[in-house]
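**Student:** Protein chains in written order, with the working numbering: chain A, 1 to 542; chain B, 1 to 197.
Hints are supplied without guarantee of correctness; some may be wrong.
In the SDA-like style, the derived pairs of lysine to any residue whose C-alpha atoms are separated by at most 20 Å in a straight line are [as the list claims (entries may be wrong)]:
id, chain 1, residue 1, chain 2, residue 2
1, A, Lys154, A, Arg498
2, A, Lys199, B, Thr54
3, A, Lys199, A, Phe525
4, A, Lys313, B, Met6
5, A, Lys390, A, Lys199
6, A, Lys154, A, Tyr486
Hint data in this document are derived by calculation from the structure and do not stem from the laboratory. Just so we're clear, the structure is a prediction, and the values are computed from it rather than from any experiment.
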Amino acid sequence: MKQRAEPLILAHLWVAFVAFAIASVMGAAQMLSRSPLTAPAEGPEAYFISVTAHGTLMAYVLPTLFVMGFGYFVATTALARPLPGLRAAWLGFWLALVGTLLAALAVVTGRATVLYTFYPPLTGSALYYLGLVLVVVGSWIWIVLMILAMREWKYENPGRPVPLAMFATVANAVMWLWTTAGVAVELLFQVIPAALGWKDTIDVGLSRTLFSWTLHAIVYFWLIPAYIAFYTMLPQAAGGRLYSDTMGRIVFILFLLYSLPVGMHHLFMDPGHGTGFKFLQMMLTSLVTVPTLLTIFTIAASLEIAGRLRGGKGLFGWIAALPWHRPMVLAAGLSFVMLGLGGFGGLVNMGYGMNAMVHNTSWVTAHFHLIFGGSVVIMYFAIAYEIWPKLTGRRAVGTGAMRVQLWTWFIGVLVTTLPWHALGLGGQPRRVATFDFSEPQIAWWAPWILVSTVGGALMLASALLFIWNLVGFHRGPATGERHMTYALAVHPPMHLPRALNGFALWNWLVLFLMVVAYGYPIAQFFFVDGPPALIQRVTEAG
Amino acid sequence: MVERPMDERAILRTELRWVIVVAIAVLIIVGSIVISSAAVVLHPPSSVERIDPTTLHVSGEFVEDNLGAVQNRDGSVTVRLVATQFAFVPNCIVVPADRPVTFRITSPDVIHGLLIVGTNVNTMVMPGYVSEVRTTFPRTGEHLMPCHEFCGLGHSEMWSRVRVVEPAAWQPDENGRVSCETPARSPVEEAPEETPQ
Ligand code: HEM
Ligand SMILES: [Cu+2]
Ligand SMILES: [Cu+2]
Numbered sequence: 001m002k003q004r005a006e007p008l009i010l011a012h013l014w015v016a017f018v019a020f021a022i023a024s025v026m027g028a029a030q031m032l033s034r035s036p037l038t039a040p041a042e043g044p045e046a047y048f049i050s051v052t053a054h055g056t057l058m059a060y061v062l063p064t065l066f067v068m069g070f071g072y073f074v075a076t077t078a079l080a081r082p083l084p085g086l087r088a089a090w091l092g093f094w095l096a097l098v099g100t101l102l103a104a105l106a107v108v109t110g111r112a113t114v115l116y117t118f119y120p121p122l123t124g125s126a127l128y129y130l131g132l133v134l135v136v137v138g139s140w141i142w143i144v145l146m147i148l149a150m151r152e153w154k155y156e157n158p159g160r161p162v163p164l165a166m167f168a169t170v171a172n173a174v175m176w177l178w179t180t181a182g183v184a185v186e187l188l189f190q191v192i193p194a195a196l197g198w199k200d201t202i203d204v205g206l207s208r209t210l211f212s213w214t215l216h217a218i219v220y221f222w223l224i225p226a227y228i229a230f231y232t233m234l235p236q237a238a239g240g241r242l243y244s245d246t247m248g249r250i251v252f253i254l255f256l257l258y259s260l261p262v263g264m265h266h267l268f269m270d271p272g273h274g275t276g277f278k279f280l281q282m283m284l285t286s287l288v289t290v291p292t293l294l295t296i297f298t299i300a301a302s303l304e305i306a307g308r309l310r311g312g313k314g315l316f317g318w319i320a321a322l323p324w325h326r327p328m329v330l331a332a333g334l335s336f337v338m339l340g341l342g343g344f345g346g347l348v349n350m351g352y353g354m355n356a357m358v359h360n361t362s363w364v365t366a367h368f369h370l371i372f373g374g375s376v377v378i379m380y381f382a383i384a385y386e387i388w389p390k391l392t393g394r395r396a397v398g399t400g401a402m403r404v405q406l407w408t409w410f411i412g413v414l415v416t417t418l419p420w421h422a423l424g425l426g427g428q429p430r431r432v433a434t435f436d437f438s439e440p441q442i443a444w445w446a447p448w449i450l451v452s453t454v455g456g457a458l459m460l461a462s463a464l465l466f467i468w469n470l471v472g473f474h475r476g477p478a479t480g481e482r483h484m485t486y487a488l489a490v491h492p493p494m495h496l497p498r499a500l501n502g503f504a505l506w507n508w509l510v511l512f513l514m515v516v517a518y519g520y521p522i523a524q525f526f527f528v529d530g531p532p533a534l535i536q537r538v539t540e541a542g
Numbered sequence: 001m002v003e004r005p006m007d008e009r010a011i012l013r014t015e016l017r018w019v020i021v022v023a024i025a026v027l028i029i030v031g032s033i034v035i036s037s038a039a040v041v042l043h044p045p046s047s048v049e050r051i052d053p054t055t056l057h058v059s060g061e062f063v064e065d066n067l068g069a070v071q072n073r074d075g076s077v078t079v080r081l082v083a084t085q086f087a088f089v090p091n092c093i094v095v096p097a098d099r100p101v102t103f104r105i106t107s108p109d110v111i112h113g114l115l116i117v118g119t120n121v122n123t124m125v126m127p128g129y130v131s132e133v134r135t136t137f138p139r140t141g142e143h144l145m146p147c148h149e150f151c152g153l154g155h156s157e158m159w160s161r162v163r164v165v166e167p168a169a170w171q172p173d174e175n176g177r178v179s180c181e182t183p184a185r186s187p188v189e190e191a192p193e194e195t196p197q
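The shape of chain B in the complex, shown without the other chains (with noise of 0.2 Å):
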């Protein structure tokens, strides 16, 4: 009938070979993400930690002046930012390039997302929940920051910035804060300033 053989047995072994092909490819998939994964040590937001929305702005962490980016003692930075509908705050933050940045941000009212363009920061922030993302900025420059979770109908303007600046130009003032209003002092030539929309 066909050129090919067509016997139940015959199919049956073309079928076998196929599936071992399957199999090799799974664990080639498989294993490009675990490798993926672990190599470049992208970890998703994952630390469970819980705080009551309800209560963010008068106690806590998330007071508003412990909000934007501030230096520990270690030499990294944390950045703290509150999404609220419909404006993180801080709406613009700045960073030193080169060094490591955690970012803490929650939510008082609904989801919302944050994606900083051009890196791999992503995380969702729920109401309820502290995300924790973790990132080291190789380049200067500026960043566009929009809130990427629908979060009512003002979630289209939802957009902040994220500037990262020299290391030697990021100058903590006495509380070991830096924001943009705080002119960048660089040692070598200005970075070109631009107001936060």
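Chain A extracted, bound-state conformation (with noise of 0.2 Å):
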């Protein structure tokens, strides 16, 4: 029984593209804004109601749908079965875009001009809040299935390792549900309540302490994908095979442990702290390094094979004779360029000392386009170009459209960035719609976000030039060839302890992480009551 899962792949990764070129269209407009020459829309409400919806749809609507999507083809074809409850997983979607859909209103109407991380007090319609539950509600919908498909996959091959690109889909799912837990609660329990008139204060120390669990897994939750490509995908590309599949699991179980119990470190800078917590956080957040660190290895080591293989020699030669041409090897290289610049920034962050400098600055703003913007949003791309054949039984014409993509947005993101870390550094706050550029202090700003902004029009004609790509897939020739292999390790595992092969024993774990690192943070809210703060509805404002 071939039960089709292709449409409903589809379905997901064509939103979360089509939200993504949308939302780059509105990235460039705002470039212009900020720099002295003329955006297509001036004005501050222009401003924030685009960058409210460029928040939106590049950090929920295009990374939720593209993991969902992607989580749907990897259990289809990893597992090789058909996919349990499909009905269910269109319900899952049509929640996602209906949500997507009403946020979007409440945010182009002017109703919802809060950014995407709606700092309560102020507060828009509720309308934006309850799209955006059910974006994640329909996200729920696709953890429970990957949870189900991994389950009665390994009741049909006891004693098997679950495939790691399988493996590392559901540690992705497991964390995803802890993640959304804090803003599933700020949102269902404070911000939706006020927004609807019921209660007329709220505790923002509350409010940010909840945002912040969600904060920062969120973006291991983005950044999965692309690991998940690095260690399955990539190694088979360049031809060569995984270095080792052990390793790779101990990666994903520590994403799942280390990118909770850490959000706080988002709250240095607030008053509704003390410093202890802060400390603790900032210790466990170093430890995320850990697993970025043990992927370069592998994935290098991995390389090194598939060069060797291929007839390279000597120290680096292999690196010279590895098949640059095949997009997703060049994706990879791209993106590790990216994630060294980016994981040196991050470092900067990280200390709450140097945190200082830069908190809410460009720096940050150019920190997240490089990491999440970059080194993260170039591997969908080279997923997509690596999945779509399969998905659509087609092949493109070639892929020199696909590597001059892949190139413009590499360059247009350093360009992005380079100026924006600078002009961090130089103190120039983010989410500012224009600035005085008659005021000395600031002149020297202007040629730099000049460059800025050459960067952002670059990123553009590529994020369209990426559509025009996928869109060439369905018209190019058909092949009839579905089928999707995954990089097999240098010693495919044969038997594994039970706690590499799932994750009970891990979410015991972050639920005792989660309670030393957020216990106190929390419950300190409920202990002392101090005054609240008023709602402040923008609806009313304007």
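Put the complex together from the two separate chains, hints included.
**Tutor:** If you want it as structure tokens, here you go:
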């Protein structure tokens, strides 16, 4: 019985990428507004509507829909069995789509100009928050389906190791459930009652703490598809093998463990928490470098195998011997460069002393456009190029346009973000619509901003070329070839300890870490009853 | 098959070696963060002080007459500020160089942020909380002080200034206060006077 999951997967991925393309146009317009040039729509209202939409589409809609679609792809191809609950999956899709449209409606009509982080007491239309909740609920359905798919496969294949791609996907699903808990509680118990007018006050400290619970782990939710590609697609595309399957599992487990109890590093500059827990979570934050450092080694070793198989010699000769003309290999190389630069910047954010220099400046915007917009999204492109032929049964006419697209994205991201880093150190605040360049102290910003605006235009061009390339697949010659092969390990595991083949143990550990890291910081708001803040509705002001 | 040994044990050995390298790297990172935070005595605002945002203007330390820079008995300076939609009150402050300055700031309405460009002074400003940041300005000059968190449509206009003057030029009035309106009394030469925007 062959169940067709392709339309489901394509639907998710197309929504993700259309959202991405629309948001890219907005991003480029925002660059103009902040620059000395004229933007298509000037004025703070247009700017902040645009930034709210750009942030919401890029940070919530693109990754969530992409991760869901990619998850369904992995579940059907890596496990080679039909998806349990195709109907439920479609329900999840429609919830996410309707949610996106409702939220977008609230934003473009100017009723939810609160930015994607919606820090209360500033409160927009309930429609916006309810839309976001629908997106999250849609993704919860996906979580259940991923867990079910793995469980049913294990039942049918007793004792066999779950394929790494699926293991990682479920790690991300489980992590996402933990991640969304914080923001869901904030929305359902604090923000939505306020937006509906049932409540007039809110404890801002509590809401920020709940949001921080989500805010760091969500970054790893965005990132994990890129890592899945590094481990299970890249070695295959490069013509080699994965150096170590076990290391891959450990890395994904570490992501699950360490991405959650560290969110308070977003609150270093908040008056709502004492130094103790900030320090504790700062320490835990430095551990999140571990999975990435482990990955760099395993992936480099896997690529070395490929390079040497292709005749590369010497200490570095294998690098030149890699098939750089393949989009997956090229994207991974560029992604690693951006990850390296961005990782360095991340160390600055992490130390809470140094954080004071850059908190909420353009440095931060630069950092996440480099890591997320750059390293991660370029891997979304590569994954799309890899799996579109399997989804459509058609191939592209050539890979030249894909390589051009990847290179323009890479250059665009660097040209955008390098000046932003400098501006951030120079004190340029983020989230500001226009600057008064006649002020002598900031006049020197103008040329840098112009450079980054050019970078933004390159990114936009690349985004549009990407869509064009995807459309090209649908019009390409039919091959009928839909079989997906994932990278094999040098020594594919035969048996694994249960801890490396499931998540029960790790969930208990996450629970323990979360109680330690967040127990008191959240509970304190219930012990001391401080005076709350009054809700400020943006809809009433305008 | 390949030049390097690929049996399972060899792989495990190289991996273990790499794990040691990673562990050392992490220790170095943690160490440098701890040292930089401790040695430079940079502490994020962490006083956890609550205040009722609805009564700021009627009573307590944030009533309008009590805002701005004031000299304490021990010679240190305290600056009290209120961040509102869409201005800091007061919108310009003068502080002396080389003297400890404590900023105390809160908000009656929404979340704001405070950043003094070119310094380490950076904090969130939250209704219901008082943020306290301590610093010393080593040099005289003027700093911009933008609000760094979105607080509504007027957020982009929320800029103010901090003027750092020679300690001798910082002459408190009978209430111990100094404001941008009081002309700086400079013993040596007059600092170029700029009108706040
Ligand atoms: C054409 C490419 C892009 C351009 C030109 C662009 C430009 C911008 C600009 C100008 C801002 C506002 C900065 C501010 O006001 O502080 C912004 C914010 C943001 N961008 Fe992008 N961006 C692009 C792509 C992306 C991508 C690919 C992502 C992530 C997948 C992304 C995620 C975000 C987020 C999360 C924000 C924060 C919004 C906020 O501060 O509320 N952007 N972007
Ligand atoms: Cu984070
Ligand atoms: Cu503001």
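**Student:** Okay, which hints does this one fail, numbers in order?
**Tutor:** Hint 5 contradicted; others consistent.
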